[in-house]
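Visitor: Below are the chains, spelled out letter by letter.
Protein chains: 2
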Amino acid sequence: MSRLFLGLDAGGSWTRAVVLDAEGAERGRALAAGANPTAQGAEGAVRRLAEAAAAALGGLDPGAVAGCAVGLAGYRALADRTAFAERCRAAFAIGTPVLLYPDAVTAFAAGTAEAAGTVLIAGTGAACSQVSERQVARFSGGLGWLLGDEGSGFWLGREALRHAHAEPNGLLGRAVLRHCAVERPEELLPWAYAGPPRRLAQLAPLVNATAAQGDPAALAVAAEGAEHLAALVRATAVGGEPLVLAGSVAGSPGPVRARLLELLADHGPISTAGDPAAAAARLAGAASPDGTGALGPDSGRSPGSGKSPGSG
Amino acid sequence: MSRLFLGLDAGGSWTRAVVLDAEGAERGRALAAGANPTAQGAEGAVRRLAEAAAAALGGLDPGAVAGCAVGLAGYRALADRTAFAERCRAAFAIGTPVLLYPDAVTAFAAGTAEAAGTVLIAGTGAACSQVSERQVARFSGGLGWLLGDEGSGFWLGREALRHAHAEPNGLLGRAVLRHCAVERPEELLPWAYAGPPRRLAQLAPLVNATAAQGDPAALAVAAEGAEHLAALVRATAVGGEPLVLAGSVAGSPGPVRARLLELLADHGPISTAGDPAAAAARLAGAASPDGTGALGPDSGRSPGSGKSPGSG
Numbered sequence: 001m002s003r004l005f006l007g008l009d010a011g012g013s014w015t016r017a018v019v020l021d022a023e024g025a026e027r028g029r030a031l032a033a034g035a036n037p038t039a040q041g042a043e044g045a046v047r048r049l050a051e052a053a054a055a056a057l058g059g060l061d062p063g064a065v066a067g068c069a070v071g072l073a074g075y076r077a078l079a080d081r082t083a084f085a086e087r088c089r090a091a092f093a094i095g096t097p098v099l100l101y102p103d104a105v106t107a108f109a110a111g112t113a114e115a116a117g118t119v120l121i122a123g124t125g126a127a128c129s130q131v132s133e134r135q136v137a138r139f140s141g142g143l144g145w146l147l148g149d150e151g152s153g154f155w156l157g158r159e160a161l162r163h164a165h166a167e168p169n170g171l172l173g174r175a176v177l178r179h180c181a182v183e184r185p186e187e188l189l190p191w192a193y194a195g196p197p198r199r200l201a202q203l204a205p206l207v208n209a210t211a212a213q214g215d216p217a218a219l220a221v222a223a224e225g226a227e228h229l230a231a232l233v234r235a236t237a238v239g240g241e242p243l244v245l246a247g248s249v250a251g252s253p254g255p256v257r258a259r260l261l262e263l264l265a266d267h268g269p270i271s272t273a274g275d276p277a278a279a280a281a282r283l284a285g286a287a288s289p290d291g292t293g294a295l296g297p298d299s300g301r302s303p304g305s306g307k308s309p310g311s312g
Numbered sequence: 313m314s315r316l317f318l319g320l321d322a323g324g325s326w327t328r329a330v331v332l333d334a335e336g337a338e339r340g341r342a343l344a345a346g347a348n349p350t351a352q353g354a355e356g357a358v359r360r361l362a363e364a365a366a367a368a369l370g371g372l373d374p375g376a377v378a379g380c381a382v383g384l385a386g387y388r389a390l391a392d393r394t395a396f397a398e399r400c401r402a403a404f405a406i407g408t409p410v411l412l413y414p415d416a417v418t419a420f421a422a423g424t425a426e427a428a429g430t431v432l433i434a435g436t437g438a439a440c441s442q443v444s445e446r447q448v449a450r451f452s453g454g455l456g457w458l459l460g461d462e463g464s465g466f467w468l469g470r471e472a473l474r475h476a477h478a479e480p481n482g483l484l485g486r487a488v489l490r491h492c493a494v495e496r497p498e499e500l501l502p503w504a505y506a507g508p509p510r511r512l513a514q515l516a517p518l519v520n521a522t523a524a525q526g527d528p529a530a531l532a533v534a535a536e537g538a539e540h541l542a543a544l545v546r547a548t549a550v551g552g553e554p555l556v557l558a559g560s561v562a563g564s565p566g567p568v569r570a571r572l573l574e575l576l577a578d579h580g581p582i583s584t585a586g587d588p589a590a591a592a593a594r595l596a597g598a599a600s601p602d603g604t605g606a607l608g609p610d611s612g613r614s615p616g617s618g619k620s621p622g623s624g
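As you go down the protein sequences, you meet chains D and S in turn.
Just so you know, the numbering used here puts the end of the first sequence at 312, numbered straight through with nothing missing.
Just so you know, the numbering used here puts the end of the second sequence at 624, numbered straight through with nothing missing.
Hints were generated in silico from the structure; no laboratory data involved.
One thing to keep in mind: the hints can contain errors.
[As the list claims (entries may be wrong)] Sample of chain D residues with no beta-carbon within 12 Å of chain S, all distances over it, derived:
(1) Ala39
(2) Ser132
(3) Ala230
[Claimed, not checked] If you want a taste of the chain S side facing chain D, the calculated C-beta under 7 Å gives, among others:
(4) Ala427
(5) Leu459
(6) Arg474
(7) Leu575
(8) Ala577
C-beta atoms are modelled at their ideal positions from N, C-alpha and C, and glycine is treated no differently.
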C-alpha cells in the first residue's frame, strides 16, 4: 500500500486539501469553506478541515496517511495548538500526528524550497511574514480590515467605492455603480454599510479590470496599493533572502502585482506561491519519520512557477 | 399664554430638545437617545424625537408651541421629508408644522447669525457643509467610519489603537491598553473586532489626554487628524464666509482643534457652535408666521460664544 501525505491550507474564505503519494503524484484534491479558528471558532475550523480532508481522501484509506500538515490562518491567535492538532488528527481519522503551521509558512513553502525568506500574502487582507525553519520570525501588517490591511483586496475595493462616490462617471466609477446595482453615487453609501465590511473586497477585481483598460483612477489606486504592500515587505524582509508573493492580489497577474514587482526590483529573488495545500503535503512528507524515502519539499513541482492547479 | 418655540437637534448618539419662549428665555430642555433615520429607521427616529420633545415640554402646553424646527442627522438620505415632518408634528402633538433641516444647518446657526458660511461637524464622524439660506449647498466628507471620516473621533481612536499595537510602551500606548483592559498589544486586535467598529471612537479622548501630557505620538495623531479636517474645510468653504466648528473633536478644546485653528489661521472668521437645539428653536421663531414679534435668530445669545449650556 502506497503511503499518502495529506496537506491542507486553511484561509478565511477557503480551505484546500491535497493528497500526494510518496512519489509526489496527486491522488486527491478538495475545496471547502474557510477554516480560520479566530472567525469560526476552533470547533468550526476543525469541522471544515475534516470536511476538506475527507473529500480529498475520497475512496483512499485514511490509515495510509503517513504524514499530514495544515497551514492555518489565525494560527497566531490560536490558544492551544497542541489540542487543535490532536482534534484535527481525530477528525481526519488518521494515525499520524497533524503538523500545524501558520498559513505564512505553507504559502512560503509553496513558492520556494529555501528555508528562510519572506512571504507577502495579499488577498482580502495583507500581511507579510519573515519565515525561518518553518516558523514566523517577524511579522508586519495583518491588522485586518478595520485597522489596516492597506493594499489588500478589501482596501482596493474600499478605494474603488470611495472613488466611485466622488467620480461616478469614469470607467471605474461606472463599474462600481454597476456592480452595486445602484444609479446614483449617494446610493453607494447605504450599499457599503448594508453588508459585512469585508464585502468591499468584491470590488477589488473592478480595479484590475478597469486599470487594464487604462483607467487613470484605477491605475492610481493600484499604484497606491502596491506602495503599501512594498512598504510592508521592506518593513519585514531580511536582505538577500527570497520573497514569495501569495494571495489573489499579490500572487495573481494584475496592476497591483505588476507595480509591486517594479517597486521591489532591487529586492532579491521573487517567486509566486503555487499551491499551499500541496506545499503542506510536501512539508508533511519532509517531516515524515520514514525519513529519506518520503516526499521531499522539492518533489513534483517547479519552485516559483506559480502554475500549480488551484493556486491563487 | 406665552408662545413657545421648540427646537430639536438629532444626532447619531443624542437628541437634544429645547423650549424657548418668545423672549428667548429657556423654558425646558431634555436629552434622549440618537434619532438618525438612517440608523434607527424613520419610525424609530420619530419616536425618539417625540420622547425628547415631550420631556422638554414637561408641564407646558404643546398647544402653545408656535414654531418648531428639527436639525436632523441623516437628513440627506431621508426619502420623504414632508411625511417625516408631518409624523413629527403628530407625535409631538403640536399644531404648528415642523420645519426639518439638515443637522449642518442647525449646527451652523448655533455658531453664527450669518445666512451663509461653512460648518465643520467633527465628532464621531466628520463632515463639512457649506450652508446658504438654511440649505446645504456643498458637502464634503461624511462617508462614515467604513469609508472615510478621517480626522473624526472614530479615526482618532483607530489611530490610537494602531499606535498602541505597534508601540505599547509609550504614554498613548499604555493608556489604550489600560482602556481596553488588556496586557499585551496582540490582545488589542480581538478587542477591536469584538464590538461595533464605531466603539473605536471611545479611544479618541486618550489622544487628547496624552497629547496634553506632551506625548509625541498623540500629538502626531492629533496633528494628522487636524490636517484631514482642514482639508475638508478647504474643499468646501467659500472664501470670506464664516466657519463654524462643531462636534466633540472640532468644537471642544483639545489638540486637534488647536492645530486646526492654526492651519485655518488665514480663513475668515471662525466661531464655535453653541447649542444646536436652541438654534433650531430660534430658527423656528424666525420662520414663525407671527413675524416680527417672534424670536429672531439673534435673540438671547452671543454669536460664536460657544458657551451655551449643553453645547459640544
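Visitor: Look at each hint and say if it fits the structure.
Guide: Each hint tested on the structure:
no., hint, verdict
1, Ala39, "violated (9 Å)"
2, Ser132, "holds (20 Å)"
3, Ala230, "holds (19 Å)"
4, Ala427, "violated (26 Å)"
5, Leu459, "holds (6 Å)"
6, Arg474, "holds (6 Å)"
7, Leu575, "violated (23 Å)"
8, Ala577, "violated (28 Å)"
In the structure shown, a violation is registered for the earlier hints numbered 1, 4, 7, 8, in ascending order.
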